[in-house]
Each structure stands twice: as C-alpha cells, then as structure tokens.
Amino acid sequence: MKTPTEAQARAAAHSTAAPTPFQRKHLLGLEDLTREEVLRILDEARGMKDIFTRTVKKVPALRGKTVANLFFENSTRTRTSFELAAKRLSADVINFSAAGSSVSKGESLIDTVRTIEAMGADFVVMRHSASGAPHLLSRNVKSAVINAGDGTHEHPTQGLLDMFTMREKLGRLEGLKVAIVGDILHSRVARSNIWGLRKLGVGELRLVGPRTLLPKWFESMGCQLHYNLEEGIRGVDVINILRIQLERQSENLFPSIREYQVLYGLTTKRIAAACPDALIMHPGPINRGVEISQEVADGPQSVINEQVTNGVAIRMAVLYLLSGYRGGPLSEDE
Amino acid sequence: MSEPRELMNKEQMDKAIAELAERIDRDVAEPGATALVGIRTRGVPLASRLRKIYALTREWNLPLGHLDITLYRDDLSTLGSQPMVRESRIEFPVDGKTIILVDDVLYTGRTVRSAIDAILDFGRPRAIRLAVLVDRGLREYPIQPDYCALKIETRPNQTVQVLFPQVDGRQQVLLLTLDEGEAPEPA
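Which chain is which? The protein sequence lines are A and B, in order.
At position 120 of the first sequence (counting the first as 1) the number is 120 in the working numbering, and the numbers step up by one without a gap.
At position 19 of the second sequence (counting the first as 1) the number is 19 in the working numbering, and the numbers step up by one without a gap.
Only chain B is shown next, with the shape it has when bound in the complex (with noise of 0.2 angstroms):
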C-alpha cells in the first residue's frame, strides 16, 4: 500500500460536518416528524455528530437510531465467511417520518439500498432522504446522495477511510491507494 493521502484533517472534518448539518437543516420543514439513521459501523458516529449541532444550535431533539445492514446485503452467499449481524436500534416510530440516512462515504450505493429495504421493514417513512460525508464515485446502483460534504473521484484500487475519535481515536479523512495485487476492502 502507498503512502495515504489525506483529504480531510481534524478541523477540515468538523467544517464538513458543521455544513453537511446546515444544507440538511434548510430542508428539515418539521423538525417533529424528522429522524437520523446512521448506518453501522461509521455512519453512527456522523449521524450523532449531527444530532449534536441540531441539539446545540436548534434546541431540536431529534430521534437517532442505528441500523445494521448484514443480513440485507446482496453479497451474502458469495463472502468467504459470515459477517457479524449487530443490532440495529430503531425505538421510534418511522412511519410518516422523514428519515436521513447517514453514512460515512458513499461508493457502489449496495450499502444503500440494502438499509433503505432494512427501513422499510421498520415501518413506512413520509421520506427517505440520504446524507454522506464523502461520495467517491463508482456507483453501480442508481443511487445518489441529497446531502454530501465532499465529492471526489476515486479509482476502485482507492479505499477512503473516515474515522471517527469514538470509534478510530482520531479524526480524519484518508484516501488509500492498493498496490497490485492487495485486496480491496470490502465496499
């Protein structure tokens, strides 16, 4: 693996997150019927991040929950071994709900729509609406994000890494480049 590129440091990373927070408040009409979904492992911490600035700066309370994807994926019967299934946390009603759906980058859009048919089996929400940090390109679903706080173009040798203090113990946004050969992490 080459030297990794940083694309966001520590402060660079508050600022996306500070106006990722502000483009989706423009479109929060009733903060009431309005809920976060990260999904797991680091569209939760994001997803709570937001949930903060709403709180600090909007006195809004808004629901979040976290969701686990595992057992919705499309790749199950071809991955060498089982993922774990962790639990997924949703304790509000979604039904009528406008739910932004948090996650920390955005490449195939499998990811996606696997938790938009995991959602749906909590209830029927009013909307979905869906909120990265960092979309990378490469779709290979119809999918596109509402809210993005950087777009960059990425090869599929390329891996961009989030991490966040509670989960990695930093914070900062990294692009990896695979030698030949290396296995790409899974998408």
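So that you can see chain A by itself, here it is in the shape it has in the complex (with noise of 0.2 angstroms):
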C-alpha cells in the first residue's frame, strides 16, 4: 500500500492545495506586498464575486466585526464599495466623513480614530489627502487600517480591482501591454497600478500624459514614458485612462482642458488605429468628453462598469483576508 504522506502530496497538488498564508494586520499599499500575496487576494476576490449571483447576496463571515469607514477627503464610490463589502459579508459598518465630525473641530488624525476605535471597530477604511496617514495611524491604533487612498501615494484596492479585471478578461496578467493615460504624476491609481502590475509580471507598463505630469523618474519603477498618446498605445491590451482631475488645473499644469482634450482624449479614432481590441478601464468618476469621449465609454470594449462591480469583490477579499490576522511575523506593528 502506498504511504499516506505520498497521497497527500498528491491531494495538495490538486484543488486541495493549501493557499499562501496571509498574515497581514493592515493593507497599506501594494509596494509592500509580495507577488504571491498580491495572488491571494485576486483568487479570493473570484469567490467572494460568486455571491453576488446569488438570490441571497449576504454570508456570515464577519458577522460580529465592525468596519468604520473614515474619509478625509469626498469619495461617495469608494465608500460605497467599501459599505457594501462589508456588508455583504455581514459586518456592521459606521461612516465618518471629515465634514461636519470632530475633526473639524481641530481633533487629531490619531485621537479621532481612537475615538472609533473606543466603539468597537476592528477595521478602519481611510481616505486621507496626505500621502503616509494610513501608515502613521497604523502604528498608532490597535484597528486593522485599510487604505483608501492617501494623497498622491496609493490606492491599494483600486490597483487590485484593476488587475482583477484585467485578469479576468483578458485571462492572465504574465505579458500583457498595458498603457495608463493621464495625469501620472498626481494619481495614486497610477502607483498602485504600476507595483501591482509589476509584481505579477506584466510583459510592458507604458505611462502615457504630457510631460509636466509624467516625471522621468516613473523610468526607475519599470515603465516606459511616452508624450505622445498614438505612440503610447499602439498595440497595447488594455487602457487604464486616468481622470484629469479638474480641481487641480489652477497648478497649470497644462494650458488647458480643451488642449489636453484634443491631445490626450480616447476617442474610438484612435483606439481603432492603434490598438482595436484593447480593453477600455477607467477609475471613474469619468469626465465625458475630456480623458475619454462618449462612445469610448460606453462602448463595447469598456469595463468600467465591472470595474465598480469587481470592486466590491476585491474590497470582500481583502475585508476576508485581514480579518485572518493572528499575531504572524509579516505584521507592520511588531
């Protein structure tokens, strides 16, 4: 008779395989993660998707855990999606936004989520417009800290909806061309991207805007930087357009939104010549008529509105994940 620990070899070599441990107490950024916990979140977020087919679209996990969502700055989508992951997997969720709270009032970053953490949260979701809040609150506060999005530095979830996107259309991540458009220099969206899709071995990264918002040094994190838009996508698979973000034109940064329009907009023009079958992703929220024209957005290559969906799934995945934490070597805090 063969020996148990040679049928159990073959076992783990099936489905039955034991995945990588994720022993993470906070999501912070994808820089830190490595390649095959970057995996780990994408393969759970194809799981926690499958519930949303289901006529119940609720499960028990987190029943018991709260989620307090923390934003500094407005983002009516990315608090939703949070709300809704956690929801879906049952935990009770508290929303705070900067406006009309305490920290009006001049409270510190660190007593305000003391506060929250004195109710019971066990994770927070924060959105801050300084570039490393998530990082000095999670060596500060007991709570799993998720990042949201921290001024210029990173948006972790949305690199990995992204990226779950891509690999779920397209079929993997391994050699795919994908080119981000827009305004590089100010988008968290953009280095998320760029250490996601690098980790798991994407075949070329192109950074595609004007040059006053596509620094040289972008070439030290593995991307090629083109100005012009005809070149920068020609062939590629997928676009990821960034959005001109409106708020920030008094830095004049280029002369104007008609220019930028006329430069820089996706238009099915100049996807048709350059690269006709490549997938169409937008972070939202889109300016129509701007980065991208009507017919790119609502035409049959954009996923922009899976994107939202995969959202949810990926934000489940991590919500999941996290919650696993038990004290393991890989913690931030220890």
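Please keep in mind that the hints were generated in silico from the structure rather than gathered at the bench.
Keep in mind the model is a prediction, meaning the values are calculated, not measured.
Glycine included, each C-beta is placed from N, C-alpha and C at the ideal position.
Hints may contain errors.
Here are the in silico distance ranges between beta carbons for each label pair [stated by the list, open to error]:
hint : chain 1 : residue 1 : chain 2 : residue 2 : range
1    : A       : R54       : B       : G137      : 47 to 57 angstroms
2    : B       : N61       : A       : R139      : 53 to 63 angstroms
3    : A       : R139      : B       : R5        : 19 to 29 angstroms
4    : B       : N61       : A       : S131      : 19 to 29 angstroms
5    : B       : K15       : A       : G284      : 29 to 39 angstroms
6    : A       : N305      : B       : G80       : 53 to 63 angstroms
7    : A       : N305      : B       : R124      : 29 to 39 angstroms
8    : A       : F52       : B       : R124      : 12 to 22 angstroms
9    : A       : Q245      : B       : E87       : 36 to 46 angstroms
10   : B       : E87       : A       : R198      : 22 to 32 angstroms
11   : A       : G201      : B       : Q144      : 28 to 38 angstroms
12   : A       : K169      : B       : G80       : 31 to 41 angstroms
13   : B       : R170      : A       : E117      : 46 to 56 angstroms
Dock the two chains into a complex; use the hints.
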C-alpha cells in the first residue's frame, strides 16, 4: 500500500492545495505586498464575486465585526463600495466624514481614530489627502487599517480591482501590454497599478501623458514613458485611463482642458488605429468628452461598470483576509 | 502516524457508491424536481459519480452543483489563517427542489450545518437530504445522514480519508490514526 504522505502530496497538487497564508494586519499599499499575497487577494475575490449572483447576497463570515469608514476626502463610490463589501460579509458599518465631525473642530487624526476604536471598530478604512496618513495611523491604533487612498501615494484596492478585471477579461496578466494614460504625477491609482502589475509580471507597462504630469523618475519603477498618445497606446492589450483632476487646473500643469482633450483624449478613432481590441478601463468618476469620449466610455470594449462590480469583490477579499490576522511575523506593528 | 488501515479498496468503493445511489433512488419521487449538490472538496466527485450512475441506469439528468462552505464556517475567527474561498456553483433554481446534499465523510456535523445555511442563501428548497459515503460518528451537532454507505466508530485522533481519482489519483478509503502530539486534520 502507498503511504498516506504520498497520497497527501498528490492531493496537495490538486485543488485542495493549501493557499498562500495571508498574515497581514493592515493593507497600506501594494508596494509592501509580495507577489503571492497579491495573487491570493485576486484569487479570493473570485470566490467573493460568486456571491453576487445568489438570491441572498450575503454571507456570515464577518458577523460581529465592525468596519469604520473614515473619509477625510469625499469619495462616494469608494466609500459605498467598502460599505457594500462589509455588509455582504455581515459586518456592521459606521461612516465618518471629515466635514461635520470633530475633525473640523481641530481633533487630531489619531485621536479621531482612537474614538472610533473605543466604539469597537475592528477595521478602519481611511481616505486622506496626506500621503502616508494610513501608515502613521497603523502604528498608533489597534484596529486594522485599510488604505482607501492616501494623497498621491497609493490606492491599493483600486490597483487590485484593476488587475482583477484585466485577469478576468484577458485570462492572464503575464506578458500583457498595459498603458496608463493621464495625470500620472498626481495619481495614487497609477502608483498602485504600477506596483501590482510589475509584481505580477506584466509584459510592458507604458505611462502616457504630458511631460508636466509624467516625470522622468517613473522610469525607475520599470515603466516606459510616452508623451505621444498614439505611440503610447500602439498595440496595447489594456488602456487604463485616469481622470483629469479638474480641481488641479489651478496649478497650470497643462494649458487648458481643451488642449488636453485634443492631445490625450481617448476617442474611437484613435483606439481603432492604435489598438482596436484593447480593453478600456477607467477608475471613475469619468469626465466624458475630456479624457475619454462618450463613444469609448459606452463602447463594447469598455469594462468601466464591471470595474465597479469587481471593486466590491476585491474589498470583500481584503476584509476577509485581514480578519484572519493572528499576530504573525509579517505584521507591520511588531 | 501509524500505518493507515484500508476501509475500502477501489472495488468496494465502487460497490458502496452504487448502493448509495440505489438507496437514494428509492426516495427520488420526481427526478425533475431533484438536484445533487456536492460539498467541496470530495463531496464534489462523489456527487458527480452519483449523477453519472443515474444518467446511465435511469436516464435521469439531475442538475449538479457544488458548494464551498468556507464563508459559513463557525470557526473562522479561531483558525490560524483564512482558508481559501472557492466558487460555489449552483446554476439551477433551488426553489421547490429536493436537494441531495453530498459529502464524503460525516464527522462533527459542522460542515453540514454550514452547507444547509449556504443552500438557503440560494433559495428555498422543498427538502434537503444528506448522503455520505462514511459516517465516522463523534457528532457535535444534531445532524444525521439520510443515506450512508459505511458507518464506523472512530476516535478523535483518527482521520477518515476518502480518495477519488479526479483529486487524489486513486480510489480508496483509509483510516489514519495520529500519534500523540500530532495535530488532527481540521474536520
């Protein structure tokens, strides 16, 4: 008779293989994660997405846990997405927005979060205009901290949902040619995409935008820089279009919205000429007729709405995996 | 770990599955309103074997689903690290159907409790019946099988392994006894 260890080894080679253990307390950015951890989140999200088609779109996994959404910058879609993700896992959700809270009365960030903690929050999902704010917080509070966008630094769950969408639609990430177009300089979405996609072995990563929004040092992150849109998107599998942040127009980094639209706006004609089959992505909210034309946004290659659906699955996967933290060696606070 | 004891060889397992199919068959009044649902991992190959038997011998085409119960486990907050959530596939309406829930081994009853909760999130079946290959006793919840091929007495430091060709490369049922200090496999 064969020994059971042989049988176990064989079983391990199949679907019953033990997954990569995920022992993180916080999710602060994709830069900190290993390739295996990123893959584990993406794989986990597939099982979560499956829940969306059921009669009852809710599972009991996080029953009794509390998630606090703490948004110092407005963001209806990210906050709602986290809220829905938490609720589909049966967690309770409390929402704090900076306006109208004691933050506007001068309370410090750490004091605010300690107050929320005293109410029993297990997770703090935070968006903040200062890069590194979630890191500061993670060193000073007991709750698990999830970065929902910090300054121009990272927006890890957006990066993850973008990768999940590419992988789902194209079947792989290895070897893909991906172009990220727009205001790279100020984009935390771009940075999280770059960290994640580089880790998962994407073939070519091109950044496209005007020189003022695309500094030379991005080359050191393993990217090709293109200042010409047609060149930048030629032959790519995916175009991830960033929102032009109209509120930054006062900085005068490009002459006018109109000029940006003429030089960098994605139109059906440009896509048909350079990469007719490319997947069109956008983290939203979109400025129709500026960085993306009406036809492209609503066209057959656009997966913008699916990105929103996938965002909920990714955030469920992150909450689920972080809730398994038991004080392992990889924790940032030990 | 001491030498595993063979409870069933390939032929005995074939026979046990055929008998299990036979016994369920007597209760299947309406094949059109009956479906098989296997619990991941090894309830799935067992359920698909039952389906194949009915397709060959009765020309019934029972819908087959599989269920991952990870998110319904009652021990998620005590495990060392989160287990992988895999897809559940139930692509037929559950409402009004008799669901034959299939698993390889029945032990504490906790998995079945989770599976019942999971099925109810897909709809409201007319009935749920439980079919297992091996009932090893030591129940912690009040759950009993409706159909069972082999009932044995075991101790908590033992493990029953049902091996299927699709998953394990061979077909066999083993009883493993762990020595003192060895961690038992999670149920």
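Do the hints match the structure? See the list:
Between A:R54 and B:G137 the Cβ separation comes to about 33 angstroms, which falls outside the hinted range of 47 to 57 angstroms. A hinted range of 53 to 63 angstroms for the beta carbons of B:N61 and A:R139 is consistent with their spacing of about 60 angstroms. For A:R139 paired with B:R5, a C-beta distance near 54 angstroms fails the hint of 19 to 29 angstroms. Remark: the range hint 19 to 29 angstroms for B:N61 to A:S131 is contradicted by a beta-carbon distance near 59 angstroms.
Our hint of 29 to 39 angstroms for B:K15 and A:G284 is violated, since their Cβ atoms are close to 59 angstroms apart. Under the hint 53 to 63 angstroms, the C-beta atoms of A:N305 and B:G80, about 38 angstroms apart, miss the expected range. Distance hint check for A:N305 and B:R124: the Cβ-Cβ separation is about 31 angstroms, which falls inside the suggested range of 29 to 39 angstroms. Our hint of 12 to 22 angstroms for A:F52 and B:R124 holds, since their Cβ atoms are close to 20 angstroms apart.
As the Cβ distance of A:Q245 to B:E87 is approximately 38 angstroms, the hint placing it in 36 to 46 angstroms holds. Against the hinted window of 22 to 32 angstroms, the Cβ-Cβ separation of B:E87 and A:R198 comes to about 28 angstroms, which satisfies the hint. A beta carbon spacing of about 51 angstroms between A:G201 and B:Q144 contradicts the range 28 to 38 angstroms that was offered as a hint. A beta carbon spacing of about 34 angstroms between A:K169 and B:G80 agrees with the range 31 to 41 angstroms that was offered as a hint.
Under the hint 46 to 56 angstroms, the C-beta atoms of B:R170 and A:E117, about 53 angstroms apart, fit the expected range.
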